[in-house]
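Here the protein sequences come in this chain order: A and B. Following the numbering used here, the residues of the first sequence are numbered contiguously, the last one being 291. Following the numbering used here, the residues of the second sequence are numbered contiguously, the last one being 303.
Hints in this document: simulated from the structure, not taken from any laboratory. Predicted model, so just to flag it, every value in this text is computed and none were measured. A few of these clues could be false.
[To be verified] Covered stretches of chain B (chain A as the covering partner; in silico rule of three or more C-beta atoms under 8 Å from a C-beta of chain A): (1) 121 to 131; (2) 270 to 279; (3) 284 to 298.
[To be verified] So the derived label-pair ranges between C-beta atoms look like this: (4) A/270 - B/275: 46 to 52 Å; (5) B/89 - A/100: 51 to 57 Å; (6) B/93 - A/140: 45 to 51 Å; (7) A/62 - B/71: 40 to 46 Å; (8) A/242 - B/194: 51 to 57 Å; (9) A/206 - B/127: 22 to 28 Å; (10) B/16 - A/171: 54 to 60 Å; (11) B/93 - A/151: 41 to 47 Å.
Just so it is clear, CB atoms sit at the ideal spot from N, CA and C, and this is done for glycine as well.
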Amino acid sequence: MEAYLLNLVILISIYSILASTLNFIMGYAGIYSLAHAVFFGVGAYAGTFVATHFSASIFFTLPAAMIAGAVLSLILALPALRVRGEYFVAASLGLQVLAVTIFSEWKSVTGGIGGLIGIPPLDIAGFEVFKPNQFVFVTVVGLIIVLFIINRLVHSSFGRSLRAIRDSESAAAAFGKNVPLIKTISVVISSALTAVAGVMYASYLSFINVESFTLDTSVLIMAMVIIGGTGTQAGPIIGAALLLLLPSLISYLDFLPQTEIGSIQQIIYGLGMALLMIYRPGGIVGLKKQSGGGKK
Amino acid sequence: MLALQLTITGLQTGALYALTAVGFSLIFGSTRIFHFAHGATFIIAAYLFYFVNVSGYGVVLGIAAATAGAIAFGLLLNRFVYVPIQRDEGSFFTVFVASFGIGIVIQNIVGMIFGRGFVTVQTPLSFSVELMDGLYVSPLAWISMLCAVVFFGILWCFLRYSNLGLSLRALADNPELVKAFGLNPRYISACAFTIGSILVVPAAIISGATSGLNPAMGHHVMLISLAATIVGGIGSVAGTLLAGLALGLAESLALLYVDSQWTEAVTFAILFLFIIVRPSGLLGRSAAH
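Just chain A, with the same shape it has in the complex (with noise of 0.2 Å):
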């Protein structure tokens, strides 16, 4: 029981870290991207790379991942971003699917569809994390750092301009911003964070497959941030924790086939989301039909 809640504690943060990372540029900067798990799953691969050939510590891998997840979402957001949000949803999209196949051929780095196995534990200042018990400690501790950064910037001059573009990009380049210059910034701050938590993922795990970073993955993350309240800084936390918890409280209910509880679980939060938009586009945090947060 106890090893049970420890592993749901880390995912919950891990998952809590990517919620809350999506939210920064979708609840503040209104870039709705579908290529979330891609960060995720360079971060991971990145720095699993630099753990298994060069040094498991933390203060390779991480800058690493981080390096990795900034310069590929640069790639995409210098001219996806340019142009209107649409663009922004087709080319995270295309990059989602082109990238799925990309960590299934690429077998040097990634290892194919089988993926990667033995990763080594985390590395910190000489001191190897392995245990869930003192793993729990580091994910917690990377949530709330994540959080702090997240909060800081969002009630910066950074964070005012990126609400001003999102309430209304003319005016916000009327003021004189640079709307994609602030909207790019956003993005690559967002993805680097997020490799942080493939990091994290790979070595709690020591084992990552293509499996975990595909489309299912990014709408997961999304339905967490829309669900909890997109906009809100507990909502992603919130979501997180509602959505992992799902399947084990399906699992309870006896009358649900046990063998399609992943296919429930999409069902509710795709319905979740659809509802949510109809009666509380804010979700469950936000203001009921307020107009900030999760509307424009």
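Dock chain B against chain A, hints included.
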């Protein structure tokens, strides 16, 4: 000879892509609704045809069921999801998320009923005939191209000459003005959804016999539709048609150089190139901002 073979296969794929993408483009262009569940319409039509066909009711009933299912889904979604959201000035975001959510629900319901693996519609029409030495073409290739020509011919006449077609184009230009002229935008939107959903049906049915069906293929359909809409130029039905055809051809001809798992990479490369070089698309009228 391989190049010719791939060109014909590419035209077949491209004709189906064009039909699907024009359906999305027409809805998006005239109503500004980011109908991400267009992929789900495709799934519903394809599996309804498959179900009716497998149960032994024949092709005609199958086509009728697929068409009815596609139209019903489009209209219900418009009436019970998009209209309520737009009532309080729903943004691009709210509409997209709701549409996306419904798409996930449909994908999983279909997966639970029919299984998540591939299924294929069995028909003698998919057997290839040797036209020339080393050139194999199945009758379905000609049927796909014929469907595209017929459907686009009707669509073009409809948009050009009928009053309803005119009001559809008017809605794309200026919804307020449409209201001022005493037309009902909600009625016109419903028509756009009907036509857009019908356009998916031939592609859905033929794909069932050629490439096979899988509940998760809605995302692929959406990627193609979005790419063709952007490459063709948002708001331009003719541009989307050309782009859909070109994407199908490019995917097929790319097989001369790369393995088949990279065909989606070709679509992505073309989309990305257009976003960088020409965001307004092939036939787009204004800048994309």
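The hints, checked one at a time:
Check on the segment 121 to 131 of chain B: 5 of its residues sit with their Cβ under 8 Å from a Cβ of chain A, so the three-residue criterion for coverage holds. Check on the segment 270 to 279 of chain B: 4 of its residues sit with their Cβ under 8 Å from a Cβ of chain A, so the three-residue criterion for coverage holds. Coverage of the segment 284 to 298 of chain B by chain A holds [criterion: at least 3 residues with CB-CB distance below 8 Å; count 5]. Here the CB-CB span from residue 270 of chain A to residue 275 of chain B is close to 37 Å, at odds with the stated 46 to 52 Å.
Checked against the hint of 51 to 57 Å, the pair residue 89 of chain B and residue 100 of chain A fails, with Cβ atoms roughly 42 Å apart. Taken as a hint, the range 45 to 51 Å holds for the pair residue 93 of chain B and residue 140 of chain A, whose Cβ atoms sit roughly 47 Å apart. Under the hint 40 to 46 Å, the C-beta atoms of residue 62 of chain A and residue 71 of chain B, about 59 Å apart, miss the expected range. With their beta carbons about 52 Å apart, residue 242 of chain A and residue 194 of chain B fall inside the hinted range of 51 to 57 Å.
Separated by about 24 Å at the C-beta atoms, residue 206 of chain A and residue 127 of chain B satisfy the suggested range of 22 to 28 Å. At about 57 Å, the beta-carbon gap between residue 16 of chain B and residue 171 of chain A stays in the expected band of 54 to 60 Å. Between residue 93 of chain B and residue 151 of chain A the beta carbon distance is about 44 Å. The supplied range of 41 to 47 Å therefore holds.
Consistency with the previously given hints fails for numbers 4, 5, 7, ordered from lowest to highest.
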